[in-house]
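Chain F is fixed; fit chain H onto it per the hints.
Spelled out, the chains give:
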Amino acid sequence: MSENKMKDVTYRSPDERLAEKKSKYTPKYIFLNGVLFENPALRLVLGTCPLLAVTISAKSSLFMGLAVLFVLTASEAIISLLRNVIPNKVRIPAFITIIATFVTIVQMLISAYFPALNESLGIYIPLIVVNCILLARAETFASKQKVLPSILDGFSMGTGFTLALLLMGSIREILGCGTFFDMKLPLFGSVFEPMMFFMLPPGGFFVFGICICLVQMIMKKQEKHSSGKGTSPCGTSSPSDCLSCAGCNLCKGKEE
Amino acid sequence: MSKEFLIIIFSAILVDNFVLSKFMGICSFLGVSKNLKTAMGMSGAVVCVMLVASAITWPIQHFLLNPLKLGYLQTLVFILVIAALVQMIEMIMKKSMPPLHKALGIYLPLITTNCAVLGVTILNINQNYTFAESMVNALGAGIGFTLSLFLFSGVRSRIDKADVPEALKGLPITLISASLVAVSFLGFKGLVENLFGG
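Read top to bottom, the protein sequences are chains F and H.
Under the working numbering, the first residue of the first sequence is numbered 1, with each subsequent residue one higher.
Under the working numbering, the first residue of the second sequence is numbered 1001, with each subsequent residue one higher.
Rather than coming from a laboratory, the hints here were simulated on the basis of the structure.
Any given hint might turn out to be false.
[Unchecked claim] Taking CB as the label site, the calculated pair distances span: (1) F/L214 x H/D1163: 19 to 29 Å; (2) H/M1088 x F/P87: 36 to 46 Å; (3) H/D1163 x F/V147: 20 to 30 Å; (4) F/E119 x H/N1194: 22 to 32 Å; (5) H/H1062 x F/A112: 15 to 25 Å; (6) H/K1189 x F/T179: 45 to 55 Å; (7) H/P1098 x F/M196: 48 to 58 Å; (8) H/L1068 x F/I123: 44 to 54 Å; (9) H/M1097 x F/F180: 46 to 56 Å; (10) F/T97 x H/I1092: 44 to 54 Å.
[As the list claims (entries may be wrong)] Not close to chain F: a few residues of chain H, all C-beta gaps over 10 Å, as computed: (11) S1002; (12) K1022; (13) L1036; (14) P1059; (15) N1066; (16) L1073; (17) L1123; (18) F1131; (19) I1143; (20) A1167; (21) A1182; (22) V1192.
Idealized CB from N, CA, C, for every residue including glycine.
This is chain H alone, in the form it adopts within the complex:
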């Protein structure tokens, strides 16, 4: 049982990293990775929302949409739930945890349009995960997002100081270095099979 959890979490963090191999959350990946502090703030907010969103959408799908044969409403319901959830988390944080709200608050509105959150909730359903497995998957996806943002903000601070050819300045060089970071993540392919004999 715990082995399955380990497989899910390792593949979500390293092998199928949400940003670098599934391309989810690229907008925020490129947008907020300019410095480490904002990158960590954004990742913290994403991890929170991913966990809560998975915890809410899984029961909705299995106890509401499936019995009523409304599976086709999945996309519509999930995105609205996430949008409402983000708003609610923001209000709760503002009221009860002002320091945390100060740190993460400005990133919360942007998360609604972050495809990683919607992506992880839909993947949980598509992969037929149990409730516990989807929570683990959400945690892994969040950690994977954080890891890639953390690594990439380091790379970007080096690019700022580097002498980049005129034509590649700005976005192109950022994308090409993202490509190199993704190459390094290719090295984790086969990790899960080797570790757990899957």
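Isolated chain F, as found in the complex:
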């Protein structure tokens, strides 16, 4: 008993501490990490292309989010299963092939069952392939972790992305159209004039900027309370640094 206590107090080297941190990948931690701390859209600022393009209505953002959620979970599961089979040198093309396969499945399902949605999301569905979130998660998580944590990671990252999309889609639809999920909102009354600006491309940039600003403010407050560690997968501390390289670890791997 006392021996155990002694062990706890002893000094631990940085390596040991790192190992301890890694074993911290509990289900709860992974989930919160995906949805909050490392929210792919608002904290890591990955996948901005669909984020800005499809958020003109809450409905299309929700479906886009679900599509990404599915592709992310499925591809992380497969990549994690194959992590010992894929040779290190060709891992990026292999990841892209796996991701593209699932994107194709989603594309076919949507065009078969939701033709109207296919029209509104259009080219942004095949463009999920080049979404930085997928490659970044494949590189940093799925290619190193076991299957179940990878599935959970894909699910929570996807959920985080969906929530961010939904937030932006709701703001833009409510302010730009006066509706929410195509329903007329009574709360503004008849005097309310929808602001077209929010439906147009510039509105997307604007709302995204404001959202990131708010999240940064909240996170700063949080970090003051507990010396938080919200580092991006690049190892850079601020999300804007991460932006400078699309696909984060792709280029990091090149440099090494």
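Below, chain H without anything else, positioned relative to chain F:
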């Protein structure tokens, strides 16, 4: 005939600018627009890859995938072609054009994940463009990308010197100024109809 080309190129550059109204290539748009030199390097590489990728994917779609009824493999094939192409261009440049490789080399690996390149090749097919039209569209998209990067790097160098509120520092103010640049591009709406009576 030439009128159609002009319509395509004008709408790709100004009206439906790839970055500011289709949101393609935002990652590199925000990432490399910090100074003019890197912005131009990146745009040069993107224009090269867009043109070559369009020239290769169009025949693949029309002479390989369509006759074999493999249209659903479009996404998979195109992204792999682009990834291989980028690698090949890098090798060719390194061997035969060292100065150009020095200037554009570091941007090439990033282009695979640039959605503008995949976007333009898929759009060419979706819009039923002929081969010549898709090449013109790719050129227009590339020039549009270059133009927006060029303009925005100027804006950003001004932001660096400006006194920005603490909360907006970094990415938020960049996005909001991108929004203002996009507003200015809204002014080109209707340009094509007025010029060509379309």
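Cross-check of the supplied hints:
1. Taking 19 to 29 Å as the suggested C-beta distance range, the pair F/L214 and H/D1163 conforms, at roughly 21 Å.
2. Taken as a hint, the range 36 to 46 Å is violated for the pair H/M1088 and F/P87, whose Cβ atoms sit roughly 20 Å apart.
3. At roughly 51 Å, the beta carbons of H/D1163 and F/V147 sit outside the given window of 20 to 30 Å.
4. Look at F/E119 against H/N1194: about 28 Å separates their beta carbons, and that is inside 22 to 32 Å.
5. H/H1062 and F/A112 have their C-beta atoms about 24 Å apart, which keeps the hinted 15 to 25 Å range intact.
6. With their beta carbons about 24 Å apart, H/K1189 and F/T179 fall outside the hinted range of 45 to 55 Å.
7. With their beta carbons about 51 Å apart, H/P1098 and F/M196 fall inside the hinted range of 48 to 58 Å.
8. For H/L1068 and F/I123, the hinted distance range of 44 to 54 Å is not satisfied, since their beta carbons lie about 23 Å from each other.
9. Our hint of 46 to 56 Å for H/M1097 and F/F180 holds, since their Cβ atoms are close to 55 Å apart.
10. For F/T97 paired with H/I1092, a C-beta distance near 24 Å fails the hint of 44 to 54 Å.
11. A cut-off of 10 Å between C-beta atoms confirms that H/S1002 is not in contact with chain F; the least separation is 27 Å.
12. Interface exclusion of H/K1022 from chain F breaks down, the closest Cβ pair being 7 Å apart, not more than 10 Å.
13. Under the 10 Å C-beta cut-off, the non-interface status given to H/L1036 relative to chain F holds; the minimum distance is some 16 Å.
14. Chain F leaves H/P1059 outside its interface by the beta-carbon criterion, the shortest separation being 19 Å against a cut-off of 10 Å.
15. At roughly 16 Å from the closest C-beta of chain F, the C-beta of H/N1066 stays outside 10 Å, upholding its exclusion from the interface.
16. A Cβ of chain F approaches the Cβ of H/L1073 within 10 Å, the least distance being about 7 Å, so the stated non-interface status is violated.
17. Look at H/L1123: its CB is around 6 Å from the nearest CB on chain F, not clear of 10 Å, so calling it non-interface is violated.
18. Every CB of chain F is more than 10 Å from the CB of H/F1131 (nearest about 20 Å), matching its label as outside the interface.
19. The Cβ of H/I1143 lies farther than 10 Å from every Cβ of chain F, with a closest approach of about 18 Å, so its non-interface assignment holds.
20. Listed as a non-interface residue, H/A1167 fails to keep its Cβ farther than 10 Å from every Cβ of chain F; the least gap is roughly 5 Å.
21. Here H/A1182 does not stay apart from chain F, with its beta-carbon only about 4 Å from theirs, under the 10 Å limit.
22. At roughly 17 Å from the closest C-beta of chain F, the C-beta of H/V1192 stays outside 10 Å, upholding its exclusion from the interface.
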